[in-house]
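Number of protein chains: 2
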Amino acid sequence: MIAHLPLCSIPSPKTVLVVGGGDGGVLREISRHSSVEHIDICEIDKMVIDVSKKFFPELAVGFEDPRVNLHVADAIEFIRHVRKGKYDAIIVDSSDPVGPAQELVEKPFFETLARALRPGGVLCNMAESMWLHTHLIEEMISVCHETFKGSVHYAWTSVPTYPSGVIGFLLCSTEGPPVNFLNPINPIEKLDGAYHRKRELRFYNSEMHRASFALPSFLKREVRLLRDSAGPEQGTRIS
Amino acid sequence: MIAHLPLCSIPSPKTVLVVGGGDGGVLREISRHSSVEHIDICEIDKMVIDVSKKFFPELAVGFEDPRVNLHVADAIEFIRHVRKGKYDAIIVDSSDPVGPAQELVEKPFFETLARALRPGGVLCNMAESMWLHTHLIEEMISVCHETFKGSVHYAWTSVPTYPSGVIGFLLCSTEGPPVNFLNPINPIEKLDGAYHRKRELRFYNSEMHRASFALPSFLKREVRLLRDSAGPEQGTRIS
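Protein chains in written order, with UniProt numbering: chain G, 1 to 239; chain L, 1 to 239.
There's no promise every hint is true.
Any copy, or any two copies together, can satisfy a pair, since identical chains are not distinguished.
[Claimed, not checked] List time: in silico SDA-like cross-link candidates among lysine to any residue, alpha-carbon distance up to 20 Å:
1. K190 with P216
2. K220 with R210
3. K190 with E37
4. K220 with P160
5. K190 with R210
6. K220 with L191
7. K86 with R67
8. K149 with V72
9. K220 with L132
10. K53 with S206
11. K220 with P187
12. K53 with P178
13. K220 with D45
14. K14 with N180
15. K107 with H145
16. K84 with P119
17. K190 with F63
18. K190 with S217
Treat the hints as calculated values from the structure; they're not laboratory data.
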């Protein structure tokens with residue numbers, strides 16, 4: 001989901017950055033998109049990559065794609081030196097935002113991400129569990145609203161191995177060609193990439209894409225409170 | 001979800017049967033539907049009710065609705081003596097279908113349920129986890145296709161406290177006025193029942209209703225296999 005939600009929401013994504021994602025799973029899924037020409041991945045911990053290659057070859061296979069350029073570095077530093085507007089999409093697949101990864105949910109980092117995206121480019125950020133971290137989700141949505149001038153949406157899906165069985169995603173776009181995250185313009189069912197047929201998708205499809213933006217009432221209310229305090233104009237951008 | 005998915009899919013439900021549900025939570029949710037005139041609940045274990053009243057008053061409050069008629073009995077027996085076509089909706093909120101509750105997922109029971117429903121009446125049956133019990137779900141769908149001549153659909157939602165974090169629902173309708181489960185004809189947002197305003201809904205809404213029918217690709221494939229073996233005409237009724 002974390003790869004396809006953003007990449008299926010824009011036509012012909014070409015340049016993609018992954019922050020974190022050292023296990024290779026996100027790369028494997030990006031590989032299905034034949035329009036993509038260049039994938040940068042910035043993983044801070046080389047051992048994650050080594051361990052994944054040794055024990056999780058079905059995930060680490062993502063590193064075998066020749067379009068992948070690995071940077072073992074701190075993304076906070078890496079992103080500062082990226083050319084403005086370089087990426088069509090950025091995917092942040094990081095650790096929980098406490099301790100070392102705290103900076104990855106703060107405004108300065110989101111600002112550098114927005115700067116690294118082309119106009120109408122998209123960000124997909126792992127965004128916690130709606131059951132456990134409502135307050136943190138609110139904060140992230142608030143920061144993204146201040147930073148991203150396109151649209152900001154929250155989506156979620158089922159992951160049995162994650163605490164509370166769900167994971168959320170924050171989808172944002174920069175000012176420019178409008179992005180309608182809710183209805184994939186570049187549906188996965190029409191992709192015909194070389195890597196696409198080798199491994200059948202087991203979970204994601206366009207129906208699941210649309211459904212992932214449906215929010216329980218308790219979360220909608222939290223988001224509405226935020227929307228009301230942000231003013232009506234910004235509010236229309238939250239689903 | 002288990003109460004609103006069926007009750008929001010038909011106009012003005014009046015007569016409802018709950019099988020199991022001794023904790024009272026399903027009754028509480030049915031109470032929100034002001035069109036409902038009569039609720040039978042058939043719970044085999046009185047102690048479940050007593051314990052819920054003692055320790056879970058927020059669930060057991062469902063028993064306070066004057067429309068509720070409690071039957072402490074084996075539903076297999078109870079349903080046999082019900083007048084044909086009595087109910088607009090039946091909700092089966094039973095234990096896991098192993099051991100004592102095994103009969104509740106077998107064809108004879110589904111046949112008596114179908115008989116107890118009016119033409120175009122609806123059944124909502126708890127239907128396991130898509131992550132853990134794909135085969136069992138397939139079997140249940142297969143039996144329901146043989147038994148229910150209206151439509152058969154599978155839905156799911158997130159429940160953090162259940163194994164694998166999800167629970168599924170099997171929604172079936174009998175021959176008669178067609179039922180479109182996927183798009184609620186009787187949306188909860190328009191309900192104005194006496195009980196409705198006292199307790200705000202925290203989870204279910206019409207968006208979540210529609211989204212719950214989106215299935216991951218692995219489950220769609222299982223269901224498609226089933227559909228193909230059942231022939232094209234039946235197949236069109238599975239989402």
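A quick look at each hint next to the structure:
1. K190 with P216: between (30 Å within a copy, 17 Å between copies)
2. K220 with R210: both (16 Å within a copy, 16 Å between copies)
3. K190 with E37: within (18 Å within a copy, 49 Å between copies)
4. K220 with P160: The answer is between: 18 Å across copies meets 20 Å, while 23 Å in one copy does not.
5. K190 with R210: Only inside one copy: K190 and R210 sit 16 Å apart there, 24 Å across copies, limit 20 Å.
6. K220 with L191: Between copies, since 19 Å is at most 20 Å while 33 Å is not.
7. K86 with R67: within (16 Å within a copy, 64 Å between copies)
8. K149 with V72: Neither: 30 Å inside a chain and 59 Å across chains, both beyond 20 Å.
9. K220 with L132: within (15 Å within a copy, 29 Å between copies)
10. K53 with S206: Classified as neither; 30 Å inside a copy, 44 Å across copies.
11. K220 with P187: between (26 Å within a copy, 17 Å between copies)
12. K53 with P178: Intra 38 Å, inter 53 Å, cutoff 20 Å: neither.
13. K220 with D45: Answer is neither: 36 Å inside a copy and 37 Å across each miss the 20 Å cutoff.
14. K14 with N180: within (18 Å within a copy, 40 Å between copies)
15. K107 with H145: The answer is within: 10 Å in one copy meets 20 Å, while 53 Å across copies does not.
16. K84 with P119: Only inside one copy: K84 and P119 sit 10 Å apart there, 63 Å across copies, limit 20 Å.
17. K190 with F63: neither (24 Å within a copy, 51 Å between copies)
18. K190 with S217: Result: close only across copies, 15 Å inter versus 33 Å intra.
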